[in-house]
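Work the whole structure out from these sequences, hints included.
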Amino acid sequence: MDSGRQQSRTYLGVPLFRPRVGFFELSSCEGCQLQLLNNEATLLDFLSLVEVVNFREAMKERSEDYEIAFVEGSVTREDEIERLRKIRENAGILVAFGSCACFGGVNQLKNRFSLDWVKNEVYGNSPIKTDFVRPLEAVVKVDLKIFGCPVKKEEVEKIITHIALGQEVVHHKYPVCMECKANENVCLFDIGEPCLGPVTRGGCDSWCPTNRAGCWGCRGPAEDANLEQMEKIMKENGFSPDTILDRIECFGGFSVYAEKLRKDLGDSR
Amino acid sequence: MKLDCNVNIHHLTRVEGHGNIRIKIQDGKLLQAQWEVVETPRFFEAILVGKRWDNAPWICGRICGICSIGHTLASIRAVENAFGIMPSLQTQKLRLLLKHMETLQSHILHIYFLAAPDFLSAGSVFPLIESHPAVVLRAAGLKKLANDVCDSVGGRRLHPTRTVVGGFTMLPDKKDLARFRERLADAAGDLLLTADLMKTFSIPDFTRETEFVSLKGAGDYPFIGGELISTDGVHKKEYEYRQMTNEYIVEHSTSKWSRLSRESFAVGALARVNNNFDYLLPEAKEVCLSLGLKPVIHNPYMNTVAQLVECIHVVKESINMIDELLNSPWTEPKQPVIAKGGAGVGAVEVPRGILYHNYEFDEAGHITRCDCVIPTSQNHGNIQYDLQELARKYAAEGMQDRDIELLAEMLVRSYDPCISCSVH
Ligand code: SF4
Ligand code: SF4
Ligand code: SF4
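Protein chains in written order, with our numbering: chain A, 1 to 269; chain B, 270 to 693.
In short, the hints are calculated from the structure, not lab data.
Among the hints, a few may not be true.
Said to hold, decoys possible - Result set (BS3-like, lysine-lysine): computed pairs, CA atoms no more than 25 angstroms apart in a straight line: (1) B:Lys413 <-> A:Lys158; (2) A:Lys153 <-> B:Lys609; (3) B:Lys609 <-> B:Lys506; (4) B:Lys413 <-> A:Lys152; (5) B:Lys413 <-> A:Lys235.
Stated by the list, open to error - Far from chain B by the CB rule (all over 10 angstroms, computed), these chain A residues: (6) Glu25; (7) Leu26; (8) Glu80; (9) Gly92; (10) Val106; (11) Lys173; (12) Tyr174; (13) Glu179; (14) Asp224; (15) Lys232.
To be verified - Negatives, chain A to chain B, calculated, CB over 12 angstroms: (16) Leu37; (17) Lys141; (18) Lys158; (19) Gly238; (20) Lys260.
These figures come from a predicted structure and were not determined experimentally.
Backbone N, C-alpha and C define an ideal beta-carbon position, used for all residues, glycine too.
Shown next as structure tokens:
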């Protein structure tokens, strides 16, 4: 990266202090990071907003000197704890980047089983190290969460602008359903598909329902999410208990309720 | 002759995931040339057990952030094969179009953002924004086009939303398809400029003979499903994939390795071009030969060239498919799915090589066993043996450690490894 960090830049016309930013990943698909490289239209604007000093996937140079750390992925092995603590020490602001980092993401589905069983299922008798999957905040202090599997680039840019301007970041309180209705979509329940839109935190602009696919709750619960009510709606629409559980437990955002549902099901799986 | 060499790269950059390179030569003897994969496993194959069939494509797409479309399609194919579902012609075309655009997106990302900086003496694409603005803009434009088509056909460029067992939840807008057709025609020109740029790259002259594995073409250059072949003459059915991959566990890697007729084999763009050159469209063939890729080529650095050849092929074929889609009325996007017990395999050529998903189901359609074999894990062994040969050759020529290090990095990058995917 260039070294012009003293020089003031503008983002959409706003002069900004250009924070030094590092991207890091623990156990993840790296998709959330790629979302940034994947938005060619605004990538250059984004790069004028921050100074990227650590982004292993894109650049060879590395620096431990950064103000904001975006950490993707969840903690699933001992050495990741050490890496995460180091990043925490170096960073002024640590951002849990994507649902793997915020809730454990799809990775946490592993926690349904014993570690011995998962190891044996995949690696047989060969030794392999792994722990139960944890979100970042189970290990270090997290200053800010960016939800989504994947994160939504527009939202990321908005949040970074807020940080750079020193403004508080406020997440959407309302559910995906509100956005879906504003988008005038056909409700999936009307065409016989399940959807977690009524209880999931908005901000993705009803990404899945707008594509006629039910929400799986990747952004975790909306404020005041009524899960009993959700369960009832699903049942009334004829969906089996395991369909409800599959969705509720998929990304880890509803872990307490998922635990309850699993118990109700007799933990038969 | 140089007697000592020490290369130690921790967490190689500009590749997906975490891997280390270690080369040690002492008194002219190669002690170690190792490709270590240290990525944490996420245990997708265990996670899926107990889940109903409709979870598979949705969860398995999350194996990889670069080729989530390929994983989703391989997963869907495995489920459909298990349930005896034959996708409609329209669904097949839309899936291939989506697949092609992922190939374009991924190959361009590799050619320009991951590989090119080595040939243009930069540490990343970022300084190229100032030094080679036209090049970066061209790359961004091509990637954007590919991603825009993926948004429109798959619902989302990463972790697609519309792709389901039985077809699509929703169809793209024909007006959008018509616009994409025009942009694809322009992209063909940009790819020829990319070929001109690539002619200026000095591709290391290094060969090590190996075996190449891919889908077998039958009339068309293959991407989704079909039989399996290798340059050493192995020929298997899709469901016999395990006889092609022969996975085994090595100590210094959390990813499994593979072998077939020799100690290792290679998959990916170079393997596909080597095995299926005859089925490339004429424009792609022409560029292929003009870049010195005349199959069978055993130089692993040529994989990046093969990727460009495939970009041209997929762009041309996508134009043809869009024409066909525009000239026929839409039919039902999705067919009904009836789950049943049994097993199914889906083989798909994703950007980095052939990918297999395999599930077993109980009568109610819950997964009882899951196996995914990732292209990069099939390549790890080949990367390792290439590194050994490379270290030996260049150390014997008296090359400096620094230069060997760069060539080793470039070698691994040329495979465009997707490491977190290979460990999954
Ligand atoms: S949250 Fe989803 S997209 Fe992001 S890294 Fe995790 S699996 Fe990938
Ligand atoms: S489709 Fe889902 S998000 Fe949209 S209105 Fe219906 S329940 Fe709500
Ligand atoms: S609709 Fe639901 S599953 Fe889809 S992106 Fe939004 S929160 Fe995630």
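We went through each hint and held it up to the structure:
For the proposed pair Lys413 (chain B) and Lys158 (chain A), the alpha carbon gap of about 21 angstroms is at most 25 angstroms, so the pair holds. Proximity of Lys153 (chain A) to Lys609 (chain B) is assessed by CA-CA distance (about 39 angstroms); at most 25 angstroms being required, the pair is judged violated. Restraint check: the Cα-Cα separation between Lys609 (chain B) and Lys506 (chain B) comes to about 22 angstroms, which is no more than 25 angstroms; the hinted pair holds. For the given pair, Lys413 (chain B) sits about 16 angstroms from Lys152 (chain A) by alpha-carbon distance, which is consistent with the 25 angstroms threshold.
With a CA separation close to 42 angstroms, the supplied pair Lys413 (chain B) and Lys235 (chain A) exceeds the 25 angstroms bound. At roughly 8 angstroms, the least C-beta separation between Glu25 (chain A) and chain B is not larger than 10 angstroms, which violates its mark as non-interface. At the 10 angstroms boundary, the C-beta of Leu26 (chain A) falls inside the reach of chain B, the nearest C-beta of that chain being 7 angstroms off. A cut-off of 10 angstroms between C-beta atoms contradicts the statement that Glu80 (chain A) is not in contact with chain B; the least separation is 7 angstroms.
With a cut of 10 angstroms on Cβ distances, Gly92 (chain A) stays outside the contact zone with chain B, its closest approach being about 22 angstroms. The Cβ of Val106 (chain A) does not lie farther than 10 angstroms from every Cβ of chain B; its closest approach is about 5 angstroms, which violates its non-interface assignment. Interface exclusion of Lys173 (chain A) from chain B stands, the closest Cβ pair being 24 angstroms apart, more than 10 angstroms. The Cβ of Tyr174 (chain A) lies farther than 10 angstroms from every Cβ of chain B, with a closest approach of about 21 angstroms, so its non-interface assignment holds.
Residue-level check passed: Glu179 (chain A) sits 14 angstroms from the nearest beta carbon of chain B, beyond 10 angstroms. No Cβ of chain B comes within 10 angstroms of the Cβ of Asp224 (chain A); the nearest lies about 26 angstroms off, and the non-interface call holds. The beta carbon of Lys232 (chain A) sits about 21 angstroms from the closest Cβ of chain B, which is more than 10 angstroms, so the claim that it is off the interface holds. The Cβ of Leu37 (chain A) does not lie farther than 12 angstroms from every Cβ of chain B; its closest approach is about 7 angstroms, which violates its non-interface assignment.
The claim that Lys141 (chain A) lies off the interface holds: its Cβ sits roughly 22 angstroms from the closest Cβ of chain B, which is beyond the 12 angstroms cut-off. For Lys158 (chain A), the condition that its CB be more than 12 angstroms from all CB atoms of chain B holds, with the nearest at approximately 19 angstroms. Under the 12 angstroms C-beta cut-off, the non-interface status given to Gly238 (chain A) relative to chain B holds; the minimum distance is some 15 angstroms. Every C-beta of chain B lies more than 12 angstroms from that of Lys260 (chain A), the closest at about 18 angstroms, which supports listing it as non-interface.
Hint check: violations occur at hints 2, 5, 6, 7, 8, 10 and 16; the rest are consistent with the structure.
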